[in-house]
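Chemist: Based on these hints, arrange chain A on the given structure of chain P.
Number of protein chains: 2
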Amino acid sequence: MRKTIYEDQSTPKKDGYWMPGEFEPQERIYMLWPHRPDNWNMGAKPAQQTYANVARAIARFEPVVIGVKPEDYAAARYVFAEDENIDVVEMTSDDSWVRDCGPTFVKNADGDVRAVHWHFNAWGGYVDGLYFPWDQDELVGVKVADHAGVDRYRPDSFVLEGGSIHVDGEGTVITTEMCLLSEGRNPELSKEQIEGYLKEYLGVEKVIWVKDGIDPEETNGHIDDVACFVRPGEVACIWTDDEESPFYEASHAAYETLSHATDAKGRQLKVHKLTMPKKLTFMNEEQAASIDVVEGTLPRSPEDYSIASYMNFLIVNGAIIFPQYRDEYDALAVEQVQAMFPDREIVGVDTVEVAFGGGNIHCITQQLPKRG
Amino acid sequence: MRKTIYEDQSTPKKDGYWMPGEFEPQERIYMLWPHRPDNWNMGAKPAQQTYANVARAIARFEPVVIGVKPEDYAAARYVFAEDENIDVVEMTSDDSWVRDCGPTFVKNADGDVRAVHWHFNAWGGYVDGLYFPWDQDELVGVKVADHAGVDRYRPDSFVLEGGSIHVDGEGTVITTEMCLLSEGRNPELSKEQIEGYLKEYLGVEKVIWVKDGIDPEETNGHIDDVACFVRPGEVACIWTDDEESPFYEASHAAYETLSHATDAKGRQLKVHKLTMPKKLTFMNEEQAASIDVVEGTLPRSPEDYSIASYMNFLIVNGAIIFPQYRDEYDALAVEQVQAMFPDREIVGVDTVEVAFGGGNIHCITQQLPKRG
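Chains as they are written, first to last, in the working numbering: chain P, 1 to 372; chain A, 1 to 372.
Chain P extracted, bound-state conformation (with noise of 0.2 Å):
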């Protein structure tokens, strides 16, 4: 086995190892194949097809691997047989968010990566995780560090999930405090203990702190649905117009942060602003109705707002794959990040099932960064 490195041995900082901005080259990309009945309508099969669509998105441009539970496994491999660039393996998970289970990979100066496996509590555990038990969600941290071949740092007790930061790979983490300082993660640590964290495991100098996220029933604000680095320097940010939206006030204040900050290497942040969808519900009554009720999981009716940001996309290489809603504003937000990205193609896939279970493209994928 590839080795683990506790936290009473090293940390990435320690031995000269930070985390890559997403912009940076990669390897592969990694995902979860979804399942759960409770989270996802009509037996997840309209999310199956919506994650096949944004895999072979990304399979134009680099490899795709994805994890998938034995009791789905035969079905999930069939899907892809005709896929040269994705694989399919078994990887038991309890939903299919890697982003947040999975792995972070850090990078050294001769190129060398390892992984960072977070501690994983479904996102609040027992004060307001999403679902229990989350084991096998634990798990997929070491199984996609061991998949990729990489040595991996295992910290005693710190909770973290991938969605909750964003880098620059030169220094700087942006994050939220309604996520980081939630009451459900990591309780016992002071915000300097915390920022102490950020900076070992992810090789950072300076944490910038956006005050609130947008989801605060379920990820507890994740950064990646507000804010992320386009290159060093430079962000993009959640933006509407609309004062009655229910995202105006968490927009504007992370706006505002954001225009003040300054990184680790001491430059003024360039903020782009990208666009809020219009609509803010999704689902009809069928699909709400579809959703298995299960005892402590969140109820979900159409009056829901859906958690529908275009900030959840994913950087590759030569491409961002990019959500779409079937919104109004779909176009615009394709021009907006095209414009942030101008070496880029931006692919925008239908992602309208993948905001029903809480998250988008960001958070269904976990890159690995380029080795050598």
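Treat the hints as calculated values from the structure; they're not laboratory data. These numbers were taken from a predicted model, which means no experiment stands behind them. Just so you know, nobody snuck in bad clues.
If chains are identical, the list can't say which one is meant, so a pair holds when it fits in one copy or spans any two.
Result set (DSS-like, lysine-lysine): computed pairs, CA atoms no more than 30 Å apart in a straight line:
id, residue 1, residue 2
1, K370, K3
2, K206, K370
3, K69, K45
4, K45, K3
Modeler: Leaving out everything else, chain A in the frame of chain P:
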């Protein structure tokens, strides 16, 4: 995904692929982790320890990959945490006989390797199979092929276990009539049609039929408890001078058949004798009583003969991983096999626990030939 080549598309023989001899250079060994409480005593814990010893013996010579079902994954991953040459991957199986449920690998003149994914029905399906269901074992072939990163041949319905064949890599296969002509495998095929499948999928020209194996009730007489190729033109065959032995007749008959056989190249085979253990029964009351009784499985008793054949060894690069049964003839068997393989180290491993389950080292391993 790697390509699947169905029967109506092509076969190894048509594409110039054949199964190399086990004594040829290997890339790695696949294993599965034992778990069935209705086959292994004491909840499979002693078996797991023995499998670990086998894996570590192999890992001195080449890498080992062990497939583990999700429920056992975390513990098995931990068992091998410090073993640099052993990888643990999630891979569900119904039991742990990868020789039989796993793929057989074939190779072409360019050194490219492909898998043959046979159909598997737990050694006899509804006729006299050993457990039900076997759907997860049936998928091990494709999972191992994918893990190895090779294309896969898939016959329409031909049932075969890897333990029922041994090849010389030069056009010859040895097998048994007891197994391959059994009612529980391919009853719709004639002996000639079965020969046809062996020729097409193993890339051989000649089938040498030994009549009987030594475990009619379990594998229906797999050849890998009876005989194997030491090198082209030379085979080993089990032997006992004890006329009271239940294996006397089968071993003498096999010896006779092999001694008079010629291979695909027209060579008369040289046959080396390998002793059977002196003891016939190995399990004690406590062990037998700790095996779960389930409707449809074979009941166990300390009076049962354990199928403990020294023939069930594995050839790896530079060594023979060799079963030891705490038997009076252990040392003699090592001596005999060392004489057959003077250039290889004979590594004895106490595998009495594997014998309890119905096989031995050869049954629980599958070699991936060296590519290139």
